[in-house]
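Participant: Chain by chain, the residues:
Number of protein chains: 2
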Amino acid sequence: MDGDNQLTTATFYTPVQNSILQVETRMRDVTNGHHPDLGAALEHLLSSGGKRVRPAVALLTGAMLGADNEKIISLAASIELLHTATLVHDDLIDGALLRRGFPTLNAQWTPGATVLTGDFIFACAAKLAAQTDSVELMHLFAETLATIVNGEITQMFPRQDDGYYDEYLKRIYAKTGSLFVLATTAPAILSSIRESTFDTAQRFGYGIGMAFQITDDVLDFTGKQSSVGKPVASDLRQGLVTLPTIYYREKNPDDQNLDIILCGKNIKNENLNQLVGAIQSSGAIERSMNKARQFVNQALEALDELPLTAERRALEDLANYIVDRRI
Amino acid sequence: MDGDNQLTTATFYTPVQNSILQVETRMRDVTNGHHPDLGAALEHLLSSGGKRVRPAVALLTGAMLGADNEKIISLAASIELLHTATLVHDDLIDGALLRRGFPTLNAQWTPGATVLTGDFIFACAAKLAAQTDSVELMHLFAETLATIVNGEITQMFPRQDDGYYDEYLKRIYAKTGSLFVLATTAPAILSSIRESTFDTAQRFGYGIGMAFQITDDVLDFTGKQSSVGKPVASDLRQGLVTLPTIYYREKNPDDQNLDIILCGKNIKNENLNQLVGAIQSSGAIERSMNKARQFVNQALEALDELPLTAERRALEDLANYIVDRRI
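The listed protein sequences correspond, in order, to chains P and Y. Quick note, the first sequence lines up with residues 105 to 431 if you use this note's numbering. Quick note, the second sequence lines up with residues 105 to 431 if you use this note's numbering.
Just chain P, with the same shape it has in the complex (with noise of 0.2 Å):
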């Protein structure tokens, strides 16, 4: 409930609450005149308590760019739908039954239903992306989607032996970083000031994408249960390696317990436990976050160059917002 008043409370909001209330308008008219059952099914995810940063971040970057906010409704709500579909498809392929706390479709559903909610709503993504009448904007919008369902299926497979720290960073760019790229660089795009923008911006959106991913991962092993809605650890103990872990095994390359868990092999929930304190009490947490900040300074330099607006402020909160939530 603390983070719940924290995100509340945050300031970055104020420009765009008005928008905001649009997109959540747009991205349930997009599903209107299909199947009942399916309505049921998009009202519940979407209003499962997403955090709304993405759309937030589209809004005040096209405000701050000076682009045409109709289009960039239509936008920021494509993005929130292609995020919700991933989450879809990614709780039926991890057999999740909670997420943000919620029961997710894939504990309700049958797996079909599922697998075809989630494709429906990348549908609807599509639809809302090509209201903006860019061309460009659909070939971002298109790769960004292969980008995101590569790094997936990339995670899935057996990963090498060396190169953890690498690997790490494409698979979060993969993850997250993409989505908050395109969250930033489609307003520049929709702007008359494309040309001297875009690369600006595409910085911004990266480095505040990839410091959300670190800050994801790191309060996966310092978050209460009852926030995150998932157990501690809960990547570990599925055998994904996140940067805490990666940090951890550069100090402790002989820990046994992690050995066993980079091998593939099931490990004892007690060894498991023992391996998750010994991580939160090396430094490897804090160090994470100083790579979260180190992000969050880079998007923050990109930023400045970018114009000085109200939004401009908002958008500063946001990326300092990102490193300091507690959910």
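A portion of the hints provided could be inaccurate.
Any copy, or any two copies together, can satisfy a pair, since identical chains are not distinguished.
Claimed, not checked - Below 25 Å or equal to it, Euclidean Cα-Cα: the simulated SDA-like pairs (lysine to any residue) are:
id, residue 1, residue 2
1, K279, A144
2, K334, N122
3, K155, Y268
4, K395, L323
Derived from the structure by calculation, the hints contain no laboratory data.
For this one, chain P is given, so just place chain Y on it according to the hints.
Facilitator: This is chain Y only, laid out in the frame that chain P set:
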């Protein structure tokens, strides 16, 4: 093998033989640079013997309407990939282990990998559609995807007791008609004679698409298992009511075997085989094929209004092939 020979000798491919090869190349190129295992899965899917009827429709329509050949090739590849992606997810949902006599992805991979491969192919289809540089086409592409998926979802939920025929038409439009309509209207969008040809192209696509699916549904009752790659009446065995069954029911409203299936209850194999035999010998097959022929005739009437070229002649052959084929 009969069917394969029939296909190889089908004359309608002749004017676009080279373009079809370019479509094959483009479908493979779009997957490059991604995860190798994914590449292998795509190669398996793309070489599993699709007839490429939809690309042929798009290529022939595009050439008939004088649309840019490069864009039409991207469009044709996009449509075939969209079709392939829906098949991958369908096979997963149905738990099918074979398609066209080849093992499905589903039979070899985990559900998760199969979901993601389908998603990746959707993304590739969207990338190719964006290569046409037409916003109107992207709208149509996204709308078609939504129609297809919504149709599949509708099929999943309990049907009403009456109105089978109307529901059937809606369902096969969503499943098959809509993609044929995309294959004929998208080339009109890309041509310089869009205004005078779009509606006619739509009628043509609708007619052949509906005829294609009705013929498929008839072949499910009449085809040899070796050609179709599925047991006879596989739809009915899964509780799916298609046109032959609807026509049979009109004349035999009291058939108790049929009632059991329509109520969604389990039926003994012996009784199911009895019902299949009754449908096969009832005249419902012939009446269904008459309906398919009617749709083809409507398509041919529309085609008559379009420019008289070698490709139009080929589209006539293709329309007739759709109802004359045995696979």
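Participant: Are the hints correct? Go through all of them and say.
Facilitator: Hint by hint, here is what the structure shows:
| no. | hint | result |
| --- | --- | --- |
| 1 | K279 <-> A144 | between (27 Å within a copy, 22 Å between copies) |
| 2 | K334 <-> N122 | neither (32 Å within a copy, 54 Å between copies) |
| 3 | K155 <-> Y268 | neither (30 Å within a copy, 43 Å between copies) |
| 4 | K395 <-> L323 | within (14 Å within a copy, 61 Å between copies) |
In the structure shown, a violation is registered for the earlier hints numbered 2 and 3, in ascending order.
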